[in-house]
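Peer 1: Top to bottom, those sequences are chains A and B.
Quick note on numbering that gives the first Met the number 0: the first sequence kicks off at 0 and runs consecutively.
Quick note on numbering that gives the first Met the number 0: the second sequence kicks off at 0 and runs consecutively.
Possibly wrong hints are sitting among the right ones.
Capping the alpha-carbon separation at 30 Å, the derived lysine-lysine pairs in DSSO-like fashion look like this [claimed, not checked]:
1) A:123 with B:38
2) A:123 with A:188
3) A:111 with B:26
4) A:121 with B:146
5) A:111 with B:146
6) A:2 with B:25
7) A:188 with B:146
8) A:123 with A:26
9) B:25 with A:111
10) A:74 with B:25
11) A:188 with B:144
12) B:144 with A:183
13) A:121 with A:187
14) A:67 with B:24
15) A:183 with B:26
16) B:146 with A:187
17) A:115 with B:146
18) B:146 with A:2
19) A:121 with A:74
20) B:38 with A:111
21) A:67 with B:25
22) A:67 with A:111
23) B:146 with A:26
24) B:144 with A:74
25) A:67 with A:121
26) A:74 with A:26
27) B:26 with B:38
28) A:111 with B:144
29) A:121 with B:26
30) B:144 with A:187
31) B:24 with A:123
32) A:115 with B:144
No wet-lab data here; the hints were simulated from the structure.
Just so you know, these numbers come straight off a predicted model, no measurement behind them.
As a plain string of letters, each chain reads:
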Amino acid sequence: MEKVWIFLILSSFGVAIWQGNLEGVVKALFDSTNSAIELCVGIAGILCMWSGFMKIAERSGFVSLLSKIVRPLIKLLFPDVANEPEISGQIGMNIAANMLGLGNVATPTGIKAIEKLQERNKNKERLSNAMLMLVVLNTASIQLIPTTVIALRANYGSANPTSIVLPTIVSSVVSVIVGIILVKVVSKKERE
Amino acid sequence: MKVVDYVSYLLIPILIIAIILHAQKKKVPIYDNFIEGVKEGGGTVLKIFPTILAIIVAITVFRESGALALVIRLVQPITSFLGIPEEVLPLGFMSSVSGGASLGILADTLGTYGPDSTIGKMASTILGSSETTLYVLAVYTAAAKVKDTRGALWIGLVCDAVALYVAVIFCR
Numbered sequence: 000m001e002k003v004w005i006f007l008i009l010s011s012f013g014v015a016i017w018q019g020n021l022e023g024v025v026k027a028l029f030d031s032t033n034s035a036i037e038l039c040v041g042i043a044g045i046l047c048m049w050s051g052f053m054k055i056a057e058r059s060g061f062v063s064l065l066s067k068i069v070r071p072l073i074k075l076l077f078p079d080v081a082n083e084p085e086i087s088g089q090i091g092m093n094i095a096a097n098m099l100g101l102g103n104v105a106t107p108t109g110i111k112a113i114e115k116l117q118e119r120n121k122n123k124e125r126l127s128n129a130m131l132m133l134v135v136l137n138t139a140s141i142q143l144i145p146t147t148v149i150a151l152r153a154n155y156g157s158a159n160p161t162s163i164v165l166p167t168i169v170s171s172v173v174s175v176i177v178g179i180i181l182v183k184v185v186s187k188k189e190r191e
Numbered sequence: 000m001k002v003v004d005y006v007s008y009l010l011i012p013i014l015i016i017a018i019i020l021h022a023q024k025k026k027v028p029i030y031d032n033f034i035e036g037v038k039e040g041g042g043t044v045l046k047i048f049p050t051i052l053a054i055i056v057a058i059t060v061f062r063e064s065g066a067l068a069l070v071i072r073l074v075q076p077i078t079s080f081l082g083i084p085e086e087v088l089p090l091g092f093m094s095s096v097s098g099g100a101s102l103g104i105l106a107d108t109l110g111t112y113g114p115d116s117t118i119g120k121m122a123s124t125i126l127g128s129s130e131t132t133l134y135v136l137a138v139y140t141a142a143a144k145v146k147d148t149r150g151a152l153w154i155g156l157v158c159d160a161v162a163l164y165v166a167v168i169f170c171r
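With the rest of the complex left out, here is chain A (with noise of 0.2 Å):
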């Protein structure tokens, strides 16, 4: 991130010198200071209000019942570790807070199931087949809501910031389900 936060800023200078545009640029440079703090405090309220939403879902078990309905899935992506309910427990969990956009419950329950599917890989040096989907599935997005996007549409005034709703949910499936049949050909040629 610093490489590219360095180039980004030198590069800038750089066009802007050799396109003699450095007066433009200083006052995008102080201006974008405003934009950065006005973002801040626009999002801040909605954040806050999910958050607390979805502290009442994870006291509630709410969560945890969703990683029941999920159980089934587990059984498809995960078949090596189905049977042992600590760890599809764990995973359940994961995919659920990960559906809900609970990043700070979804990190957490992900680094625990990574660390018990470790435990049980044969070659600590690679990713066995569970673990390569549970990374897999945790890069693709499989958000349902997504609220800070949400947030950041109506902080710009949209008259209805949810309308990317269903939009992103098609969208996260298709490329998970391109995700999905990625793991399983790899781990197909793994075992042949």
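Given the coordinates of chain A, assemble chain B onto it according to the supplied hints.
Peer 2: Just chain B now, with coordinates in the frame of chain A:
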């Protein structure tokens, strides 16, 4: 698009009602937990602010200087062949690399084109349907202490590209 809007509107109240009714059934304190969650949300905002400022500053000067236009001109022949508008290209590039950065770019895009424009909707969908692949991969492989990731990065990036393309087609 009217139906899409309506279903999208409907999902939020259904989720909230389900959460509250379930908590009531389980006799979990609803109001107290809500307040606690809000506090945590405040922490999240403070946590992401430095990244947002750093990225917005860098991205703004990168765009205003004309450097971004140079980069996009290089890849545009390929993406325009696929029907991807050049306005969403910066976000498409950044969403796999940095969550904070792509949030900054989305904010910028929404401010420039408007959240309800086709470009605005495409950009929102692209970010909503992508996870920061590099970050997730780094955290998980570090937790498991494995060296061989069996192409997980490439699978993740292919997923991101697919998500971007579907988002563009669906919002067009």
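Peer 1: Taking the hints in turn, state whether each one holds.
Peer 2: Hint check results:
| no. | hint | in the structure |
| --- | --- | --- |
| 1 | A:123 with B:38 | violated, 40 Å |
| 2 | A:123 with A:188 | holds, 19 Å |
| 3 | A:111 with B:26 | holds, 28 Å |
| 4 | A:121 with B:146 | holds, 14 Å |
| 5 | A:111 with B:146 | holds, 18 Å |
| 6 | A:2 with B:25 | violated, 50 Å |
| 7 | A:188 with B:146 | holds, 19 Å |
| 8 | A:123 with A:26 | violated, 53 Å |
| 9 | B:25 with A:111 | holds, 26 Å |
| 10 | A:74 with B:25 | holds, 28 Å |
| 11 | A:188 with B:144 | holds, 23 Å |
| 12 | B:144 with A:183 | holds, 22 Å |
| 13 | A:121 with A:187 | holds, 17 Å |
| 14 | A:67 with B:24 | holds, 18 Å |
| 15 | A:183 with B:26 | violated, 42 Å |
| 16 | B:146 with A:187 | holds, 20 Å |
| 17 | A:115 with B:146 | holds, 17 Å |
| 18 | B:146 with A:2 | holds, 23 Å |
| 19 | A:121 with A:74 | holds, 21 Å |
| 20 | B:38 with A:111 | holds, 25 Å |
| 21 | A:67 with B:25 | holds, 16 Å |
| 22 | A:67 with A:111 | holds, 18 Å |
| 23 | B:146 with A:26 | violated, 46 Å |
| 24 | B:144 with A:74 | holds, 26 Å |
| 25 | A:67 with A:121 | holds, 28 Å |
| 26 | A:74 with A:26 | violated, 57 Å |
| 27 | B:26 with B:38 | holds, 22 Å |
| 28 | A:111 with B:144 | holds, 13 Å |
| 29 | A:121 with B:26 | violated, 44 Å |
| 30 | B:144 with A:187 | holds, 23 Å |
| 31 | B:24 with A:123 | violated, 44 Å |
| 32 | A:115 with B:144 | holds, 12 Å |
Figure legend: structure checked against the earlier numbered hints; hints not met, in rising order: 1, 6, 8, 15, 23, 26, 29 and 31.
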